[in-house]
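**Q** Take a look at the letters that make up each chain.
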Amino acid sequence: MQDHILEMREITKEFPGVKALDRVSFQVKRGEIKALVGENGAGKSTLMKVLSAVYPHGTYTGDIVLDGQVCQFNSIKQSEEAGIAIIHQELALIPLLSIAENLFIGNPQKKMGAIDWNKTHAKAVPLLERVGLHEDPSTPINQLGVGKQQLVEIAKALAKNCRILILDEPTAALNEKDSKNLLDLLKTLQAEGITCIIISHKLNEIVYVADSITVLRDGQTVADFEDAKSVTEDDIIRHMVGRELNNRYPLKSHTPSDEVYYEVRNWNVYHPEDTSRQIIKDVNIQLRKGEVVGLSGLMGAGRTEFAMSLFGRSYGSNTSGEVYLGGKLINTKSVPNAIKNGIAYLSEDRKTYGLVLGQTISKNISLSNLKRISKMGILDLNKEIEETGENAKQFGVKCSSIFQEAGNLSGGNQQKVVLAKWMFNLPEVLILDEPTRGIDVGAKYDIYCIINELAMAGKCVLVISSELPEILGVCDRVYVMNDGQIKGEMPIEEASQEAIMRLLV
Amino acid sequence: MSKLKNNRTDLAKTLRSYSMIFVLIAIVILSQILTGGLTLNPRNITNIILQQSYIVILILGMLPVILTGNVDLSVGSSVAFAGAVAAVLQVNLGWGTLPTLVVALAIGAAIGAWNGLWIAIFDIPAFIVTLSSQLVFRGLTQVVLDGASIGPFDETFRAIAGSFITDILGENAAGVMPIITMGLAVVACVVYALVQIIGRRQKIAHGVPVKAAWGMVARIVIISAVILVLSYMLCLDKGYPTVLVILLVFSLIYSFICNRTVFGRSLYAVGGNRKAAALSGIKDRMSMFMAYTNMGFVAAIAALVYAARMNVATPKAGTGFELDAIAACYVGGASVSGGAGTIGGALIGCLVIGILNNGMSLLGISPDWQQTVKGIVILGSVAFDIIPKMRKK
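So the sequence lines, in the order shown, correspond to chains R and P. Taking our numbering as reference, the numbering of the first sequence is continuous, increasing by one, and the terminal residue is 523. Taking our numbering as reference, the numbering of the second sequence is continuous, increasing by one, and the terminal residue is 1668.
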């Protein structure tokens, strides 16, 4: 007889028109780290929202059994009292409040009705110690990096005496070092008797940390691996997508030309507010036509800052350096200038910097080049629909029509819309910043194919990624960036994860 | 089966997008019953148009500003200031009508540019900048007018608001079919129908999906009927108010700007997601600056119409206009956070508020209760629009 702390039986949850969960059964043993994996839209987050009563009792069918007792949670508060805490993908901390204030925000430490600040701080210290965060509890949250904020979230869950800790994509925004820290912390907490459920796309992390794995696909449980140690990443992927994925990366069908086409020389950038701090230090890079070049670096190495400063100086101050395209010096001092000169930048954060979520797919695609569909400032709406429709189709955007709002699409589809948007401007150089962040395996493969096709069409593609296998899988050459400098450059044939990692740290 | 379901959700969506029109119709019918038929009386229709004309004009500036995710609280004071300057120029200094109009419009645009400068270039919150301008230009109005009212204006100036387009025979005699005015209405209907039909043909030629033809026919029939009936009623009174013609022409122009120009698209993009728009090469600061400059310009038009109708410029002119214009936009479906809304919607919002005001005045309801009712209707009509969408999630 197994000792299950939690059992979810025959859970079915429907949204208008969609069955998000279809009689899902899910068991978690006491004190284990359980991984829940699946493609985007497989129902992982929905299942966890049912468990934590974000969707309260009555909005789904099936039973939640905690310690052998059937529970009916009507509110998040009730599930928290039962010892279930969830940390959502988007952190729920209040930026201007201190760590201590955030820790006890739903659970104020009171004395005679007023908040007792001494008690709050005193209680915060051991909690922070437990999660290994060495910061003053009075530090405002917005002065912490994402990795440390994640730790605060965990401490907040511990403050509520949670027994089951649910983490939804906890490492999505973390670099490798912070990720490892976090995963090790989970193991420490496990030793203290806390059961964890972790949702993640990063299979290497799952294999590293989890004791057992459940795979969901299209709202159903498709596999339960009791012993995570005997499972390979390919096994998991096969169950996630339901087909054999012989190759996670498409075969390279492009060949770079010999001629250098896009070149950045002596690029220096300083911090936008603290103008004495140099963020990018004398960087030189070269891209050939039809070449996919990787830019590898840990978070904070200056990758995104470098990319944004190249794109119309969208980041930084006192920027200096030269950009050449086809041997000619070009002006990229403002975004419209950079776009006019054939540069495109796909942001790592598509919701904030890539899409107007409330607008249609069609209008999002045309935004990068309204000139193409207008004469003397007057739009030709029919031409817009016709031509953006072609682009959406070419990039395999799955949608009922191009009049669908971009905000209603899945992550992978949104990314394809952003790519289609940039290609609407027919650029020469594409800077892709984390092009596959937060999207599922199938869509990732599609994006890799698109990158391949762009190179075949003779574009210069710069791929920024923190996933080393991705860099090795799609690029022809890789630059390694650390502390705002290029630390090394190697053809992909000579590169290996170990070789790159040695330069990264 | 699934097609039937699709059709039904399509219908539900269409109905919801017209929800404000239903609110409008309901208010018209209610008001018509309560006032015993006075609301749709020819003389009263003319009155509603004249009363609401300034707010309609202000909407043409306010909606673009709201699309960028901001508001302008200084509009009422801009109206007062531009009107005051016009009065001083014409009445005190004896300027002709045309130069007076030009200077007043330029002053309006300058006020708008002043707001736009601080908001778009120096990133000072619009609420604060326009609150400041509200005080500044109300104060300057008093300075210019020296605390008194100045009037009357020349005959030509008053014609902006006071004149009517009538038949050749002069006043419309009862019982005689007004040929020219109704002729104009018929021309308007034909043009509308042609634009619809040609637009549909072009869409089909470009392979753009179109809705069923009966929808278009129904729309043409309904719109034409409304134009013809309204025109006939206006003819029964004094003919078309000149202001109405100004309003229609400007509404069409601004609707075109919002829907069919690069500038209009920029406004929606900036309001929808300013960062993404800027990184797509949209000139976000320029768009916001232009939206405010236009707001000031439009406020000056409203000022001229108002001054012409009142035949005097007063220190208190335009008080509260900004709130009416903002309310009309929101009632008409514009989003507070920006990026959504249409000129057409705002016009309907304006009519809802206008007919409500007018109906209550006809019923002799005191101004204090009028305000109360208006406040509740604004909240209610927006809630009616938003709550069904919220449930969906």
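If you're looking for bench data, these hints aren't it; they were derived computationally from the structure. Warning: the hint list may mix true and false statements.
[To be verified] With a straight-line Cα cutoff of 25 Å, these simulated SDA-like cross-link-like pairs (lysine to any residue) come out: (1) P/K1478 - R/Q412; (2) R/K37 - R/E446; (3) R/K369 - P/D1398; (4) R/K393 - P/I1528; (5) P/K1550 - R/S332; (6) P/K1550 - R/Q422; (7) R/K393 - P/Q1471; (8) P/K1550 - R/V240; (9) R/K299 - R/I504; (10) R/K411 - P/K1486; (11) R/K129 - R/S116; (12) P/K1550 - R/L397; (13) P/K1550 - R/K198; (14) R/K389 - R/L347; (15) R/K299 - R/I123; (16) R/K389 - P/R1560; (17) R/K205 - R/Q238; (18) P/K1550 - R/N179; (19) R/K299 - R/S338; (20) P/K1550 - R/E446; (21) R/K393 - P/S1526; (22) R/K351 - P/W1393; (23) R/K393 - P/D1398; (24) R/K198 - R/D134; (25) R/K369 - P/F1538; (26) R/K416 - P/K1486.
[Stated by the list, open to error] Label pairs and their in silico Cβ distance ranges: (27) P/F1297 - R/I123: 41 to 49 Å; (28) R/T79 - P/P1663: 51 to 59 Å; (29) P/G1650 - R/Q107: 36 to 44 Å; (30) R/S428 - P/M1508: 50 to 58 Å; (31) P/V1465 - R/T79: 58 to 66 Å; (32) R/S428 - P/I1296: 32 to 40 Å; (33) R/N92 - P/F1297: 53 to 61 Å; (34) R/K358 - P/Q1471: 31 to 39 Å; (35) R/D300 - P/V1377: 21 to 29 Å; (36) P/I1300 - R/G476: 53 to 61 Å; (37) R/D300 - P/I1399: 32 to 40 Å.
The beta carbon of each residue, even a glycine, is placed where N, CA and C say it ideally should be.
**Q** Please go over all the hints and tell whether each is borne out by the structure.
**A** Checked hints:
1. At most 25 Å may separate the alpha-carbon atoms for a hinted pair to count; P/K1478 and R/Q412 meet this at roughly 21 Å.
2. Between the alpha carbons of R/K37 and R/E446 the distance comes to roughly 43 Å, so the proposed pair goes past 25 Å and is violated.
3. Distance restraint check for R/K369 and P/D1398: the Cα-Cα separation of roughly 23 Å lies within the 25 Å cut-off, and the hinted pair is therefore satisfied.
4. At roughly 17 Å between alpha-carbon atoms, R/K393 and P/I1528 fall within 25 Å of each other, so this suggested pair holds.
5. A hinted pair counts as satisfied when its Cα atoms are at most 25 Å apart, and P/K1550 with R/S332 qualifies at roughly 10 Å.
6. At roughly 21 Å between alpha-carbon atoms, P/K1550 and R/Q422 fall within 25 Å of each other, so this suggested pair holds.
7. At most 25 Å may separate the alpha-carbon atoms for a hinted pair to count; R/K393 and P/Q1471 meet this at roughly 22 Å.
8. For the hint linking P/K1550 to R/V240, the alpha-carbon distance of about 41 Å lies beyond 25 Å, and the restraint is violated.
9. The straight-line distance between the Cα atoms of R/K299 and R/I504 is roughly 8 Å, inside the 25 Å bound, and the hint therefore holds.
10. Under the criterion of a C-alpha separation no larger than 25 Å, the hint pairing R/K411 with P/K1486 is consistent with the structure, at around 22 Å.
11. Distance hint between R/K129 and R/S116 is fulfilled; the C-alpha atoms sit about 20 Å from each other, no more than 25 Å.
12. Taken as a hint, the P/K1550 and R/L397 pair is honoured in the structure, with Cα atoms around 22 Å apart against an allowance of 25 Å.
13. A threshold of 25 Å between alpha carbons decides the hint, and for P/K1550 with R/K198 the separation of about 32 Å lies outside it, so the pair is violated.
14. This hinted pair checks out: R/K389 and R/L347 have alpha carbons roughly 24 Å apart, not beyond 25 Å.
15. Between R/K299 and R/I123, the direct Cα distance comes to roughly 42 Å. Violation of the 25 Å bound is thereby established for this hinted pair.
16. Annotation: proposed proximity of R/K389 to P/R1560 holds, straight-line Cα distance about 19 Å (limit 25 Å).
17. With a C-alpha separation of about 28 Å, the suggested pairing of R/K205 with R/Q238 is violated against the 25 Å cut-off.
18. With a C-alpha separation of about 40 Å, the suggested pairing of P/K1550 with R/N179 is violated against the 25 Å cut-off.
19. Of the supplied pair hints, the one linking R/K299 and R/S338 holds, its CA atoms being roughly 10 Å apart against a limit of 25 Å.
20. Proposed proximity of P/K1550 and R/E446 is supported: the alpha carbons are some 23 Å apart, at most 25 Å.
21. About 22 Å separates the Cα atoms of R/K393 and P/S1526, which keeps this hinted pair within 25 Å; it holds.
22. For the given pair, R/K351 sits about 23 Å from P/W1393 by alpha-carbon distance, which is consistent with the 25 Å threshold.
23. A hinted pair counts as satisfied when its Cα atoms are at most 25 Å apart, and R/K393 with P/D1398 does not qualify at roughly 31 Å.
24. Between R/K198 and R/D134 the alpha-carbon distance is near 36 Å, which puts this suggested pair outside the 25 Å criterion.
25. Simply put, R/K369 and P/F1538 have alpha-carbon atoms about 23 Å apart, close enough for the 25 Å limit, and the pair holds.
26. Between the alpha carbons of R/K416 and P/K1486 the distance comes to roughly 22 Å, so the proposed pair stays at or under 25 Å and holds.
27. At about 43 Å, the beta-carbon gap between P/F1297 and R/I123 stays in the expected band of 41 to 49 Å.
28. For the pair R/T79 and P/P1663, the supplied restraint of 51 to 59 Å is violated, since their beta-carbon distance comes to about 26 Å.
29. Remark: the range hint 36 to 44 Å for P/G1650 to R/Q107 is upheld by a beta-carbon distance near 40 Å.
30. Our hint of 50 to 58 Å for R/S428 and P/M1508 holds, since their Cβ atoms are close to 53 Å apart.
31. Remark: the range hint 58 to 66 Å for P/V1465 to R/T79 is upheld by a beta-carbon distance near 59 Å.
32. Between R/S428 and P/I1296 the CB atoms are about 35 Å apart, so this pair conforms to the stated range of 32 to 40 Å.
33. Separation of R/N92 from P/F1297 is about 36 Å and departs from the stated range, judged on CB atoms against 53 to 61 Å.
34. Between R/K358 and P/Q1471 the CB atoms are about 37 Å apart, so this pair conforms to the stated range of 31 to 39 Å.
35. R/D300 and P/V1377 have their C-beta atoms about 57 Å apart, which leaves the hinted 21 to 29 Å range violated.
36. Between P/I1300 and R/G476 the beta carbons are some 59 Å apart, a value that agrees with the proposed interval 53 to 61 Å.
37. The hint said 32 to 40 Å for the Cβ distance between R/D300 and P/I1399, and at roughly 37 Å that hint holds.
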